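Engineer: Take a look at the letters that make up each chain.
Number of protein chains: 2
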Amino acid sequence: MKNISVVLNEPRFPENIGAAARSCRNMGISSLIVVNPELPDTEKMLKMATHEAADIIKNMKVYTSLEDALAPFNHVAGTTARTGRDRRPTHAPWDAAPELKCLAQNNRVALLFGSESKGLSNDHLKYCNSLISIPTADFASINLAQSVMIICYEIFKAHEPPGPVEPKLANIHETEAMYAHLSEMFMAIGLYNEANPDYWMNKIRRFLGRCNLKAADVRLVRGLCRHVLNTVKNLQNHNT
Amino acid sequence: MKNISVVLNEPRFPENIGAAARSCRNMGISSLIVVNPELPDTEKMLKMATHEAADIIKNMKVYTSLEDALAPFNHVAGTTARTGRDRRPTHAPWDAAPELKCLAQNNRVALLFGSESKGLSNDHLKYCNSLISIPTADFASINLAQSVMIICYEIFKAHEPPGPVEPKLANIHETEAMYAHLSEMFMAIGLYNEANPDYWMNKIRRFLGRCNLKAADVRLVRGLCRHVLNTVKNLQNHNT
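Listed in order, the protein sequences are those of chains A and B. Our numbering puts the first residue of the first sequence at 1, with every later residue one more than the last. Our numbering puts the first residue of the second sequence at 1, with every later residue one more than the last.
Careful: at least some of the hints might be erroneous.
In this list, chains with the same sequence are indistinguishable; a pair is considered to hold if it fits within one copy or across any two.
As the list claims (entries may be wrong) - Derived DMTMM-like pairs (lysine to aspartate or glutamate); straight-line CA-CA distance at most 20 angstroms:
#1 K157 / D198
#2 K203 / D217
#3 K157 / D138
#4 K58 / D138
#5 K61 / E15
Treat the hints as calculated values from the structure; they're not laboratory data. Computed from a prediction, not measured in an experiment: that's the story for all the values here.
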């Protein structure tokens, strides 16, 4: 479990951060990261965390950018209640948990949760390699700390599936640089939809995001980008 | 799910009652019962329950006696973190959930939770037909509302096991009258351990508690008690 972190993006209530810390401690996860907490009131956090999880609050890392927070991770699993038509397929917690535990043998895994009011936007979801959705009755909006508890509980009780150990994957820092490179290449080859500028990037993110890319794969894709960009540039210079 | 109720015994914080109501609504349970809440602050409850679960708080039944609260139920499942040596075997939530869902087809099932600080005492546990324990890492003390969420979540996602439908069972009102009758009989036949007055009652409660007694079974046991008591009484009268 030492490779698994809970990441709360823009949490609103310090009580929820504290309750999430306690849930983490209950379920054997000791790394908590928050991005832009609305009210960083440590006293309120500690009250809900209880004495036993106080060190999780004290060692908690705070970031101002989600991308920076996620940079060292090799796999990001986002939690979402939304199931709009454009959304990617989501996994049930009990299906996702064994795979995440397997990945975490060799990789850093982030469990990403959105804010109480808005959840994760498309702009946050683009970092996610997989999505988890907690099944509910009609009322789908689960309290933030409750969502953290359910996901951590499922991961705690999951057994690693038998089978090959997942190799070390590229981290978000590396894959984001790759996506920036791909974006540059898309512009160069005219893969740009003015009415929907993210159309092609979303398509490629969804595809590559679930491919468990290793650092070598990232280098391969970036090599391809470089060659395409150079070719286009040379041809453009030649034509002028 | 209409036959399943969450029962909170002596909850301390109104926020936890509200959060429990929201969890119930998330997972399709609409009946919440509280016994002797320490601070019945409806405003704080409603804030945590959110608008969607406000009706659960408004329709919540409040009792001053746990036995009265449990009287109409046919099966009581208690949640406990303790695993002392005298304790009965406990079930994991995912093992208990399908059986409780099966029972609930024909019976009223209470999911009983103790207070934040003390959990369920032996005196509360005696009403329980089965016990559930949520597995944790080293720190076993789970926030009350989080415990409610995990149990409700497991019940929501459980499938009813294939097999015969459980028949209608005796309710707690009927079984408590039976235990009172048995207690009277135990005294009459000298089954009384002065050093440990509850010794025999605890033994018989643990045995009969897990037997899924029907009303006819209760009548049979009470008929036996009545005959023993009458026989003893007649012999005593005869001897004096």
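Engineer: Look at each hint and say if it fits the structure.
Structural biologist: Here is what the structure says about each hint:
{"no.": "1", "hint": "K157 / D198", "verdict": "neither (38 angstroms within a copy, 36 angstroms between copies)"}
{"no.": "2", "hint": "K203 / D217", "verdict": "within (18 angstroms within a copy, 64 angstroms between copies)"}
{"no.": "3", "hint": "K157 / D138", "verdict": "between (26 angstroms within a copy, 14 angstroms between copies)"}
{"no.": "4", "hint": "K58 / D138", "verdict": "between (37 angstroms within a copy, 19 angstroms between copies)"}
{"no.": "5", "hint": "K61 / E15", "verdict": "within (17 angstroms within a copy, 27 angstroms between copies)"}
In summary, the one numbered hint that this structure violates is 1.
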